[in-house]
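*Asks:* So you can see what is in the structure, the chains are spelled out below.
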Amino acid sequence: MAEEIMEAAGLEEEAADESQKGQFMTFQTGKEFFGIGISYINEIIMMQPITLVPEVEDYIKGLINLRGKIIPVIDVRVRFKMPPAEYTDRTCIIIINVKSMVIGLIVEQIAEVVNISDDDIVPLPSLKRKEKEQNKYVYGLARLEDSVKMLLDPEKLIKQEDLVKIEENQEEEQE
Amino acid sequence: MAEELNNDGMLDMFLYESGQLLEKLEGIILEKQDADCFDESDINEIFRIMHTIKGSSGIMMFENITKVTHRLEDVFFYLRESQPDNVPHLELVDKVLDVSDFVNGEMEKIKAGEKTDGDEGPLLKELDDFLAKLKGEIKDQGIPLPKQKKNDEPSQFYIAPVASENSRFFQIVIHYRNDTMMSNLRAYAATFALKEVAEDMLYTPEDIMTNESSADVILAEGFYIILQTKSSAEEVHELVDSTEAENIEITELSAEEYGQKLVEHGRVDAPPAASAKASEPAKEEKKAPAPVVPGDYVVKSKETGKGKTLAKNQPKKQSIISVNVEKMDALMDLIGEIVIAEAVVLQNPDLKVPGLELPNFQKAGAQLSKITTELQEIIMSLRMMPLTNAFQKMKRIVFDVSRKLGKDIEVQVVGENTEVDKNIIEHITDPLMHLVRNSVDHGIEENVEERTSRGKPAKGRITLEAKNEGGKVYISVKDDGKGLSKEKLYEKAYSVGLIGERPITDFTDKEIYSFITLPGFSTKEQVTEYSGRGVGMDVVVKNIQSIGGRLDIESTEGAGSEMTLVIPLTLAIINGIVVQIGSSSFVLETASVKTFMRITSDSIITEPDGEEYIVLRDECYPFVRLNEKYNLKGAGTNVEDGIIVVLEHESRQICILIDKLVQEQEIVVKPIPSYIKRVKGVSGCTQLGDGSIALILDIASLVDNKERRI
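Protein chains in written order, with this note's numbering: chain W, 1 to 175; chain U, 1001 to 1710.
A few of these clues could be false.
[Claimed, not checked] Examples of chain U residues toward chain W, derived with CB under 8 Å:
| hint | residue |
| --- | --- |
| 1 | Gln1580 |
| 2 | Ser1584 |
| 3 | Tyr1630 |
| 4 | Ala1635 |
| 5 | Tyr1675 |
| 6 | Val1679 |
| 7 | Cys1685 |
| 8 | Gln1687 |
| 9 | Gly1691 |
Just so you know, the hints here were simulated from the structure itself, not pulled from any lab data. Quick reminder that beta carbons are idealized off the backbone N, C-alpha and C, glycines included.
So that you can see chain U by itself, here it is in the shape it has in the complex (with noise of 0.2 Å):
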């Protein structure tokens, strides 16, 4: 540990930890923002998180965090001291969210390498007013002051973890020699490595981490630790030990002295009300910590005492590592090496000597498959990520953008573990930060009268799902608010000229849902804040296309709209079929594969401008010869010499025609250099078993294609 506190990688944990305490945060406070008021376990964690972002900060020199930290640890510290009954809920989740805002902002600076240079000044004042004001208020109203109130705290708020019979009490002293460079940082590090074992502990100094003085103190005087652990006196010893540490002393106490000792080092800086009560000998364990200062680390009480700080804690520490998403891409592109290394063995044209037979070969062969299906599985699972955070962000923006817009909407949420390809994640937040705003903005009605009126609940409703069905990843943003109107969505296109001069009975429901993904169409008369300017879900189509995914939109009138993406898991390695076109070999995504099948010339019917289309069983499909349309060389010609494919993208199909079908196998997509600018209907390439280049046919833009020539 001592180690880790020494060098750059302290600050990466600075902001891993921060960045993973500030979500934490977020959590708690968006769960509760309806809620009346924050419940005692909340409090306890939000001040906990401010404190240790309060602490660390200022290990880290970061004065602005620190401060503003600070203030709001202090609001928390009397909250839960003085438990104030008229706490203004929603003016609290603000300064809450602001200060959290503040840090990210100061945090993202800090990964950019630039300085924290956010000016708190305004915020430490809102926060000083704020708790002023509950100061002020309770005065007013002659409601106890804090410290007589702590008298009746309940227990639930901090109760000692005295439950456990294996638990065992240590005083532990360290003398530092006397040379040593930031003994305060020493101790801190012997205080982090027990937080792993500690059920509780206290140790003085206090302010080891923001007071560069303590480190004199602690030369001098040595550095005292009260410990309650299940671990054994070796264990402990060994876990502050350290090469600067000149003599440590660890006396094993019974549990009498140690609730002595918390006496004893609770009233260094106890006010005289906690130190009277804690003669109480009855209730000395519960409240002799109480007045606990800012600087000790307190197990929470839920989850001591059970035993469950080991298993709970522990290993979430030690078997997750953040790992530079570079390497795992290197990682990615090398195992996508080994798949076509692996095809280019098994494959090898010095192997298809007519009846030869390596029953041996074959059979290294088939584990060596097996293997690199394997590791292309444990990469995929790799670069998972939950959705999670992406669902907290959205649930974030309803809460802003709701309260802007004065609407009252709950957020329920599906499936937030469902996992998606991190490359995608990314791709996907914007688009689906879109749609959320659209859905608070334009799909829950302005007023509750048009809810009640509609048998609706007057509280808004936005559903935020996802699950993973058949290789592709779904995620919808449903709300219950007026629904799409399918005879407005007309006027307007044909208003702004998208459709021409087609009557609203030539378009399907969905045809016409999807106008709104036109670009420049918005029905919102009066363009606001979050959307309306009519750029938006165009864009947001676009960039899930880019990704290979779509936008499904569904709508009832009056009852909602829900919009949902389809997305692909991952984008690296897909499955495809390898077929020949002349001396050409294509690549079709197996999934939009519907079926092969070999044709007479009759069943084509040949449009007057040439447009070719194929007649099976009773359905007809438009037809391309990508031999003319890509002037490929040596194709055959013959419908009945080769296969037909019919190929379905969004439930439009069309057909293809090829000479031979090569085979089934996973493809390691990549690009098409950048040289090359985009190729209509290709979307990337691949190197096949024998070292040649196939390309991915995109399907999409085919049917689109041909789709719009009609």
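For reference, chain W alone in the conformation it holds in the complex (with noise of 0.2 Å):
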């Protein structure tokens, strides 16, 4: 059943693609707000109870199970290395689908759905610092009237991951 649901929701979203350019879901993690691409995302659900997972990295929480399906979930105020927060009865979890890989994005709270053409996006100004150190996942920021989103790119930010536990699994390894 759950994945009747699924593929119904990547049907829509493809045919959806084109209207949802421009489109992006945004929430608030500490004082920020962020952005993701809409076509990335698949739901938004209540947090949920998790399945701690031993021995992997601070920000993945666990695993949840959704509808039969089994989800890893992060969060991203661990993984941009903020402290964290207690979840509340407002924290989400965000289902992103990235390269048919699914993973929920706990987040402390969903703000709105915005429009933002591609004149309003500029990209991140250059830290000047090393690269390593730069933020991969956001690509861009959006000047919205009263805010500044940071756009995230999905795709970095999983890619990123796993480049990150290559270089550690390489060391461990080693070791």
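Two chains, two frames, some hints: make the complex.
*Replies:* Listed below in structure tokens is the structure:
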């Protein structure tokens, strides 16, 4: 059943891909607002009991069971190296689908869906630090009337994880 | 039938049937590889297989397959007609295998959607040369030429099936409507339908499958079939009837008339010698069909006349369907979901009200459980396949490798019907292949003298054995070769620095044998084409471990070695015990749990470096606190409050401390999402009855980890 629903969602997504262009789901973490392209998002669910998985990075919170599908969830705050916050009843899990990998993002609060045109997006100003330390998963800043939203590139978010992990694994093996 | 011939299913059918036939062919060949020659029934069978593949590949327009099989068919036609004495058997075996490989290769291309572009030229030439050689030899030695030989052909070769009183004879003439497209295919469909009931059948035109112009002949003159069968005229009519047929005449014949018809039809293409023979009434039945040209369908004489044809062939065709594996997997997943849903219902927290009794609910629940268990068993059995094919491949490998290495080896197969989950078969074929190659290459002695001096027969022997025991499948490859030398293994491991400075007395036999599974270990000085690179055995072991199996090695120096793969019957559903540590649930595979017990804290010994051991009944087990290792909150740390579980893997034990035993249940194994890279000590996860997730502990890696630290 779950698969069917997901599939259906996937199909709708494809069909709606064009109209979704420029639409971003924004959420708040700490004081900052972030945005994710809406086409990546499968659904948003309330906070769920999470099964811990031992010996993984601290931002990987564990696994949740979404209608029979087992999905890993990561805490965005911890991922952004912010101190973890208590989970409240406003805490949500955004289920994203990146290259057919389904992952949950724990965020403090969902804000809204906004339209951001390409003109309003500026690339992240170079912080003139080592490239490694730059925010790799923020690819641009969007200026809206009253605020600035950091736009996340979920593909990078996932990919970077893997790279980091592979490096770590290699280190472990060398030991 | 007609419908099947006109759609894409035809290609599938071709691939499936030809695949089966080739397997059968290899089976015959390998069985008789050591014999001096093929006996008549084999020759007939190979001839028939080649003929069938030729015919169907002709329909499918795979010309190179048609040509090659046709040529081999010619060879066997010659063999069965003239029965030459001096057939170079091994060369013939090689030729047949070459053809089989070629056709297999082309079929792989067809499956992959590629063009069949294999060059049949060289193979054709080889076969031509071979046939010429056969014929040449015979002439040189003055052995009678084929046609003369026919006279004293043994009756076993072809007996017109007249034995049964119930047999009836029919002449069938089908006229198709003038506008029928590809009437030859229609005709083929009719003969195909009749095959199921036919004891014997002849038809004209004969080359309907290969010759497209036969369509015109059929349209103009009608399609003639003479048939011997147990079926009634009505049944026959029903079988051959098709929408395109304008008129079907079915005439019942007497046995004599039938014989006469056979002769008439035989005469169409028969060489003069045969028709002359046919006039001798006593031998008529026997002889007339002998000159049957390729294109006739001849039911094997062995099966006819005994009424076995129906019982043997028909049910097979009708009771087996091939199903896409993806569909099976989807069904498997769904049944997994049912098992979970059942647990969700039956263990629903809402039911856990103190004092609540629901006898009817419990009864219904028990019934449901029974059905789901049966469902599971059935889906499991659907996925089970016998190891026959895998073993046949191994036989072929032994044959190939031993020939190339110049060793004389026979293969014995025991328990090839043992059934294993399809997924597992896929995983073990490569490792098994490796073990077999090793046995041929390293196991069996190079010199026959070496063998005979030890009192062993000159011929090497490799035994492939499979058995099913206690939820595990044991597949062993045994050779009676030189066995493993402990000293040599130790020296080698020592010299390549795999074991440090430990003396040989430090190791048990088993440990020394297991050196060969270490990466970078190979005792064979020279790398051969087949083995000796030392990259093999560690890969074998890794592959086997990845499906939860292991490799056992036993050996006696001078007498041979035995490598046994011990693998689980299935991967998808295991019996597990759910336990709780802190707030987390874990699953332990039931088979690896040895004991549960409560202990007092004075049974714990702590080493200065912090390693803990538990002493139980004079035995000392390593003790792992999972709550510390995995950083689990809320777990009890006092061993007297919790329960100690002794886990065993490959006769090594380890103890863990748990807070609570939840229950034993069937566990549907789900992989950990790939996003989370491999977690040490966890092999998968599952969904429990209350919808929460439990991790399945990987006992093997827990034990290994602990050992390494020691």
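*Asks:* Measuring from the C-beta of Cys1685(U) to each C-beta in chain W, is the shortest one below 8 Å?
*Replies:* 6 Å, holds
*Asks:* Report holds or violated for the interface hint on Gln1687(U), using the least CB-CB distance to chain W and a cut-off of 8 Å.
*Replies:* 6 Å, holds
*Asks:* For the hint on Gln1580(U), does the least C-beta distance to chain W fall short of 8 Å?
*Replies:* 12 Å, violated
*Asks:* Go through the hint on Tyr1630(U) and say holds or violated, using the shortest Cβ distance to chain W against 8 Å.
*Replies:* With a minimum Cβ separation of about 3 Å from chain W (threshold 8 Å), the hint on Tyr1630(U) holds.
*Asks:* Once the shortest beta carbon distance from Tyr1675(U) to chain W is found, is it less than 8 Å?
*Replies:* 5 Å, holds
*Asks:* Any CB of chain W closer than 8 Å to the CB of Ser1584(U)?
*Replies:* Cβ of Ser1584(U) sits 6 Å from chain W, so the hint holds.
*Asks:* Checking hints one by one. Is Gly1691(U) an interface residue toward chain W, by the C-beta closer than 8 Å rule?
*Replies:* 6 Å, holds
*Asks:* Under the criterion of a CB-CB separation shorter than 8 Å, is Val1679(U) in contact with chain W as hinted?
*Replies:* This hint holds: Val1679(U) lies near chain W, its Cβ roughly 5 Å from the closest one there, short of 8 Å.
*Asks:* Given a cut of 8 Å on the nearest C-beta pair, is the interface hint for Ala1635(U) held or broken against chain W?
*Replies:* 12 Å, violated
The earlier numbered hints that this structure contradicts are 1, 4.
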